[in-house]
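Colleague: Each chain is listed here by its residues.
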Amino acid sequence: MFLKTLFLGYVVIASAWVSSSFAREIALTFDDAPTQNSALMTGNERTEKLIAALKSAKVPDALFFIKADAINTDTRLRLVQYADAGFHLANHSFSHRSAHDISTDDYLADAYRAHLLIEDLPNFLAYHRFPFLHYGKDLKSIQYLRLELRQLGYQDGYTTIDNFDWYLSALITKAAEEKRTIDYDKARDFYVQTLINSIEFYDALAKKTLKRSPRHVLLLHENDAAALFVDDLVMELRKQGWKIISPQRAYQDVIAKQFPKTIFYKQGRVAAIAHSKGIPETQLRHESENIGYLDKLFKDAGVAQ
Amino acid sequence: MKKVILAFLCVLSPLSYANSQSTPPELWSWFKDLNKSAKACEIQSSFILQKLKVENQTENEYGLYGNIKGNRIVVKCIAMGETSKLWVAVAGNDRDSVEYVRNLLIKEIQ
Numbered sequence: 028m029f030l031k032t033l034f035l036g037y038v039v040i041a042s043a044w045v046s047s048s049f050a051r052e053i054a055l056t057f058d059d060a061p062t063q064n065s066a067l068m069t070g071n072e073r074t075e076k077l078i079a080a081l082k083s084a085k086v087p088d089a090l091f092f093i094k095a096d097a098i099n100t101d102t103r104l105r106l107v108q109y110a111d112a113g114f115h116l117a118n119h120s121f122s123h124r125s126a127h128d129i130s131t132d133d134y135l136a137d138a139y140r141a142h143l144l145i146e147d148l149p150n151f152l153a154y155h156r157f158p159f160l161h162y163g164k165d166l167k168s169i170q171y172l173r174l175e176l177r178q179l180g181y182q183d184g185y186t187t188i189d190n191f192d193w194y195l196s197a198l199i200t201k202a203a204e205e206k207r208t209i210d211y212d213k214a215r216d217f218y219v220q221t222l223i224n225s226i227e228f229y230d231a232l233a234k235k236t237l238k239r240s241p242r243h244v245l246l247l248h249e250n251d252a253a254a255l256f257v258d259d260l261v262m263e264l265r266k267q268g269w270k271i272i273s274p275q276r277a278y279q280d281v282i283a284k285q286f287p288k289t290i291f292y293k294q295g296r297v298a299a300i301a302h303s304k305g306i307p308e309t310q311l312r313h314e315s316e317n318i319g320y321l322d323k324l325f326k327d328a329g330v331a332q
Numbered sequence: 004m005k006k007v008i009l010a011f012l013c014v015l016s017p018l019s020y021a022n023s024q025s026t027p028p029e030l031w032s033w034f035k036d037l038n039k040s041a042k043a044c045e046i047q048s049s050f051i052l053q054k055l056k057v058e059n060q061t062e063n064e065y066g067l068y069g070n071i072k073g074n075r076i077v078v079k080c081i082a083m084g085e086t087s088k089l090w091v092a093v094a095g096n097d098r099d100s101v102e103y104v105r106n107l108l109i110k111e112i113q
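Read top to bottom, the protein sequences are chains A and B.
For what it's worth, the numbering used here labels the leading residue of the first sequence as 28, then goes sequentially.
For what it's worth, the numbering used here labels the leading residue of the second sequence as 4, then goes sequentially.
Read the hints as simulated data drawn from the structure, not as lab findings.
Do not rely on the hints blindly, as some may be mistaken.
To be verified - If you want the ones that stay clear, here's a sample from chain A, every Cβ over 12 Å from chain B, calculated:
no., residue
1, Ala-66
2, Gly-70
3, Asp-88
4, Asp-96
5, Asn-99
6, Ala-112
7, Leu-135
8, Leu-143
9, Leu-179
10, Asp-212
11, Lys-213
12, Ser-273
13, Pro-307
14, Ile-318
Claimed, not checked - Once the Cα atoms are required to be at most 20 Å apart in a straight line, the calculated SDA-like pairs of lysine to any residue come out as:
no., chain 1, residue 1, chain 2, residue 2
15, A, Lys-235, A, Lys-288
16, B, Lys-35, A, Leu-174
17, B, Lys-42, A, Phe-159
18, B, Lys-54, A, Arg-177
Ideal Cβ positions, reconstructed from N, Cα and C, are used throughout, including at glycine.
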């Protein structure tokens with residue numbers, strides 16, 4: 028009887044561990060807000076569509092990383108709209124310069140300049156994301172910026188799933204600029220499937236490296252494709268067993284406190300950890316993070332005629 | 004009796020005014036080394052002054068200035084090669100308040 032109880036207890040604990048280790052949870056984040064007008068829609072329309080899509084897909088929360096030099100009287104209202112809809116705002120620097128290309132002091136001054144412009148916005152959260160996921164040109168710079176930003180009250184707004192969503196969107200927008208006919212069903216499939224592939228790639232990498240699936244943070248951008256198809260992406264994710272969680276919940280994962288000793292941060296936190304464990308760079312990047320690959324995929328899918 | 008008290012107050016008020024005018028303010032300062040550049044020191048100082056709700060905060064090439072709890076403060080970051088020296092001075096009439104603000108600034112700016 029005792030052994031049977033012990034065994035049952037083991038089974039309960041083991042299954043709880045397995046389910047929490049492979050929970051397939053993911054949060055949505057959007058960089059570069061507020062973005063400019065495009066051939067497909069104005070900035071205001073983009074914000075409205077994005078909010079409507081996230082609401083209709085019942086996304087509990089999303090985090091918009093702000094590029095502060097784009098803030099003016101009009102675009103500030105768009106940021107307030109996101110906040111009013113229950114979403115949150117964070118710091119993506121002022122001028123979106125790479126921390127690989129400028130001094131640590133210049134980068135810090137740029138991030139602080141953004142801070143002064145956005146700290147009073149409603150639903151502001153003190154997360155900071157480096158443009159291009161460039162954390163600094165060497166280990167010393169990375170460590171220095173990390174400490175200085177922490178002293179400014181910031182947590183790292185890392186991502187775990189890198190991708191070229193910005194290029195997917197650019198291809199669709201460019202087709203509109205060229206006045207080509209866009210097949211939106213095909214564009215949707217192109218966007219959703221490419222991103223799902225990236226998500227599964229980085230989740231597999233996490234399972235290989237961490238032996239579990241962490242609470243993922245998906246990198247997206249406030250762009251036309253997101254405004255058009257993010258609700259479809261969410262539906263597909265749910266269909267494949269993913270649960271959409273808030274970025275704040277995702278950032279409670281233990282990997283939020285893991286800063287691996289590497290300069291390889293540009294593919295996100297999971298890839299950085301994998302790199303620090305000796306996995307070569309060539310295995311840390313999904314094939315769709317390549318412009319040539321996406322050009323061919325876009326053409327073969329017949330999205331624009 | 005009321006007239007006596009009034010007369011007493013009339014005599015006392017100018018005296019106390021003269022006293023507060025003639026007493027120089029407390030002036031407390033301190034410095035410490037920071038393991039960061041002077042630019043980073045300035046940024047962190049500006050951030051902390053905001054966090055502490057320092058009023059009339061102004062910044063120029065000589066330092067950061069402002070008022071807090073009735074005291075006047077100045078913060079300077081001096082470059083020492085790749086690192087810096089933080090210097091804080093606080094002036095005001097209340098000795099305890101001046102000392103408290105000076106210590107607070109030195110503690111908070113890291």
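Colleague: Each hint needs a verdict: does it hold in this structure or not?
Modeller: A quick look at each hint next to the structure:
| no. | hint | result |
| --- | --- | --- |
| 1 | Ala-66 | holds (39 Å) |
| 2 | Gly-70 | holds (30 Å) |
| 3 | Asp-88 | holds (26 Å) |
| 4 | Asp-96 | holds (18 Å) |
| 5 | Asn-99 | holds (23 Å) |
| 6 | Ala-112 | holds (28 Å) |
| 7 | Leu-135 | violated (6 Å) |
| 8 | Leu-143 | violated (8 Å) |
| 9 | Leu-179 | violated (5 Å) |
| 10 | Asp-212 | holds (50 Å) |
| 11 | Lys-213 | holds (48 Å) |
| 12 | Ser-273 | holds (26 Å) |
| 13 | Pro-307 | holds (34 Å) |
| 14 | Ile-318 | holds (36 Å) |
| 15 | A:Lys-235 - A:Lys-288 | holds (19 Å) |
| 16 | B:Lys-35 - A:Leu-174 | holds (18 Å) |
| 17 | B:Lys-42 - A:Phe-159 | violated (24 Å) |
| 18 | B:Lys-54 - A:Arg-177 | holds (14 Å) |
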